[in-house]
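Place chain U on chain P using the hints.
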Amino acid sequence: MDIKDNLIVILDEKYSSPIDLFNKVIENPEISCLVKDSFLDEIIKREEDYPTGISGPYVNFAIPHTDPDNLENPFVAVIKPEFPVQFDAMGMEEGKVLAEIIVMLGVNKNGQQIDLLQKLMEFFLNEEDVNTIMRSNNKEFINKKIKNLLFN
Amino acid sequence: MAKLIVACGSGVATSQTVASKVNKLLKEKGYGDKVEAVDIKSLKQFVKNSDVYIAITKPKEKYDIPVLNGIAFLTGIGMEEELDKLTTILDSLKVKK
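In order, the protein sequences belong to chains P and U.
Take 737 as the starting number for the first sequence in the numbering used here and just add one per residue.
Take 456 as the starting number for the second sequence in the numbering used here and just add one per residue.
None of these hints come from the bench; they were simulated from the model.
We treat Cβ as the ideally placed atom computed from N, Cα and C, and that holds for glycine.
Incorrect hints may have been included.
[To be verified] Distance windows between CB atoms, simulated: (1) P:D748 / U:D519: 46 to 54 Å; (2) U:P521 / P:N862: 28 to 36 Å; (3) U:K496 / P:P793: 28 to 36 Å; (4) U:G485 / P:M737: 36 to 44 Å; (5) U:K496 / P:E766: 30 to 38 Å; (6) U:L548 / P:N862: 20 to 28 Å; (7) P:Q848 / U:Y518: 27 to 35 Å; (8) U:D546 / P:S774: 39 to 47 Å; (9) U:G487 / P:P765: 47 to 55 Å; (10) P:L861 / U:E483: 15 to 23 Å; (11) U:S497 / P:N764: 32 to 40 Å.
[Unchecked claim] 25 Å max Cα-Cα, derived BS3-like pairs, lysine-lysine: (12) U:K515 / U:K496; (13) P:K781 / U:K517; (14) U:K499 / U:K489; (15) P:K875 / P:K740; (16) U:K503 / U:K513; (17) U:K515 / P:K832; (18) P:K781 / U:K496; (19) U:K503 / U:K515; (20) P:K781 / U:K513; (21) P:K772 / U:K496; (22) U:K515 / U:K479; (23) P:K832 / U:K513; (24) P:K855 / U:K482; (25) P:K832 / U:K517; (26) U:K489 / P:K855; (27) U:K484 / P:K855; (28) P:K845 / U:K517; (29) U:K515 / P:K781; (30) U:K489 / U:K503; (31) P:K883 / P:K845; (32) P:K845 / U:K513; (33) U:K517 / U:K482; (34) P:K832 / P:K845; (35) U:K540 / U:K513; (36) P:K816 / P:K760; (37) U:K479 / U:K540; (38) P:K855 / U:K479; (39) P:K816 / P:K750; (40) U:K499 / P:K781.
Chain P on its own, in the form it takes in the complex (with noise of 0.2 Å):
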């Protein structure tokens, strides 16, 4: 299975913290049998000890992920929440983070990871399609584009 195969979009849920947010995601079917036992408890742990939150010129957004022993298949998945999440700073930033949307990144380390997280990054540096994706209520719609974004 290829990762591309493996795109699942999220809307308007409402998750109370990155820990509701992990726990609601990987209960939901599409990803359940894309991870393993392991990979909710794995999540947790990596994001308290090593946060995802960014704060993006045009949106605050979010890249959890673990190890990928975790996986039993690639994958991304788009979350975009009702509220925004609070998630931690990545690096060496202090504070807070209000995500408005969180892309979960299944991912092995084939060396495919790096070229789909620099155009992740540069889809958020770019205040047109960064509008498009946050404006559009619509899941089919959201994942083609993410997907040519990501995969192209």
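Below, chain U without anything else, positioned relative to chain P:
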């Protein structure tokens, strides 16, 4: 050549992406120094033998070597400033040798 390292939580995506980006930027500027993505669990050991640490996680302690903000290279925000800091450090290291 100076030894540059970057480390992240799971060693899957972020550290390698940053290493790849920095290597490309340095090459464009004519520097042959390379960044290596290392296992964060052995960070202390690597820091002993390195010249610059590019951090994408909150450093848990003070290191004797310069620490740069790796997120700038990941997101591109503030990247030019961080790159200037890096090349300044590399230049000063070359002079010492």
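Hint check:
With their beta carbons about 50 Å apart, D748 of chain P and D519 of chain U fall inside the hinted range of 46 to 54 Å. For the pair P521 of chain U and N862 of chain P, the supplied restraint of 28 to 36 Å holds, since their beta-carbon distance comes to about 32 Å. Range check, K496 of chain U to P793 of chain P: Cβ separation about 33 Å, and the 28 to 36 Å hint holds. Range check, G485 of chain U to M737 of chain P: Cβ separation about 42 Å, and the 36 to 44 Å hint holds.
For K496 of chain U and E766 of chain P, the Cβ-Cβ distance of about 33 Å falls inside the hinted range of 30 to 38 Å, so the restraint holds. A hinted range of 20 to 28 Å for the beta carbons of L548 of chain U and N862 of chain P is inconsistent with their spacing of about 36 Å. Between Q848 of chain P and Y518 of chain U the C-beta distance comes to about 32 Å, which sits within the given range of 27 to 35 Å. In this structure the hint that D546 of chain U and S774 of chain P lie 39 to 47 Å apart at CB holds, the actual value being about 46 Å.
At roughly 50 Å, the beta carbons of G487 of chain U and P765 of chain P sit within the given window of 47 to 55 Å. The beta-carbon spacing between L861 of chain P and E483 of chain U, approximately 18 Å, falls within the hinted interval of 15 to 23 Å. A beta carbon spacing of about 36 Å between S497 of chain U and N764 of chain P agrees with the range 32 to 40 Å that was offered as a hint. In summary, the hint linking K515 of chain U to K496 of chain U is supported, as the alpha carbons are separated by about 12 Å, within the 25 Å threshold.
Between K781 of chain P and K517 of chain U, the direct Cα distance comes to roughly 24 Å. Compliance with the 25 Å bound is thereby established for this hinted pair. Of the supplied pair hints, the one linking K499 of chain U and K489 of chain U holds, its CA atoms being roughly 19 Å apart against a limit of 25 Å. For the hint linking K875 of chain P to K740 of chain P, the alpha-carbon distance of about 16 Å falls within 25 Å, and the restraint holds. A distance of roughly 18 Å separates the Cα atoms of K503 of chain U and K513 of chain U; the hinted pair therefore holds under the 25 Å criterion.
Between the alpha carbons of K515 of chain U and K832 of chain P the distance comes to roughly 18 Å, so the proposed pair stays at or under 25 Å and holds. Using a Cα cut-off of 25 Å, the hinted pair K781 of chain P and K496 of chain U holds, with the two alpha carbons roughly 15 Å apart. At roughly 15 Å between alpha-carbon atoms, K503 of chain U and K515 of chain U fall within 25 Å of each other, so this suggested pair holds. Restraint check for K781 of chain P and K513 of chain U: the C-alpha separation of about 15 Å stays at or below 25 Å, so the hint holds.
A hinted pair counts as satisfied when its Cα atoms are at most 25 Å apart, and K772 of chain P with K496 of chain U qualifies at roughly 23 Å. A distance of roughly 28 Å separates the Cα atoms of K515 of chain U and K479 of chain U; the hinted pair therefore is violated under the 25 Å criterion. Note on K832 of chain P and K513 of chain U: the hinted pairing holds, with a Cα-Cα distance of about 13 Å set against a maximum of 25 Å. A threshold of 25 Å between alpha carbons decides the hint, and for K855 of chain P with K482 of chain U the separation of about 20 Å falls inside it, so the pair holds.
For the hint linking K832 of chain P to K517 of chain U, the alpha-carbon distance of about 23 Å falls within 25 Å, and the restraint holds. With a CA separation close to 22 Å, the supplied pair K489 of chain U and K855 of chain P stays within the 25 Å bound. For the given pair, K484 of chain U sits about 22 Å from K855 of chain P by alpha-carbon distance, which is consistent with the 25 Å threshold. Proximity of K845 of chain P to K517 of chain U is assessed by CA-CA distance (about 30 Å); at most 25 Å being required, the pair is judged violated.
This hinted pair checks out: K515 of chain U and K781 of chain P have alpha carbons roughly 17 Å apart, not beyond 25 Å. About 17 Å separates the Cα atoms of K489 of chain U and K503 of chain U, which keeps this hinted pair within 25 Å; it holds. Among the hinted pairs, K883 of chain P with K845 of chain P is consistent with the structure: their alpha-carbon atoms are about 20 Å apart, no more than 25 Å. Between K845 of chain P and K513 of chain U the alpha-carbon distance is near 23 Å, which keeps this suggested pair within the 25 Å criterion.
Restraint check for K517 of chain U and K482 of chain U: not satisfied, since their Cα atoms lie roughly 29 Å apart, outside the 25 Å limit. Among the hinted pairs, K832 of chain P with K845 of chain P is inconsistent with the structure: their alpha-carbon atoms are about 29 Å apart, more than 25 Å. Of the pairs offered as hints, the one joining K540 of chain U and K513 of chain U holds, with about 19 Å between alpha carbons and a cut-off of 25 Å not exceeded. Simply put, K816 of chain P and K760 of chain P have alpha-carbon atoms about 13 Å apart, close enough for the 25 Å limit, and the pair holds.
A distance of roughly 16 Å separates the Cα atoms of K479 of chain U and K540 of chain U; the hinted pair therefore holds under the 25 Å criterion. With a C-alpha separation of about 15 Å, the suggested pair K855 of chain P and K479 of chain U falls inside the 25 Å cut-off, and the hint holds. A distance of roughly 9 Å separates the Cα atoms of K816 of chain P and K750 of chain P; the hinted pair therefore holds under the 25 Å criterion. Our distance criterion of 25 Å between C-alpha atoms is met by K499 of chain U and K781 of chain P, whose separation comes to about 21 Å.
Of the numbered hints given earlier, the model fails hints 6, 22, 28, 33 and 34; all others are met.
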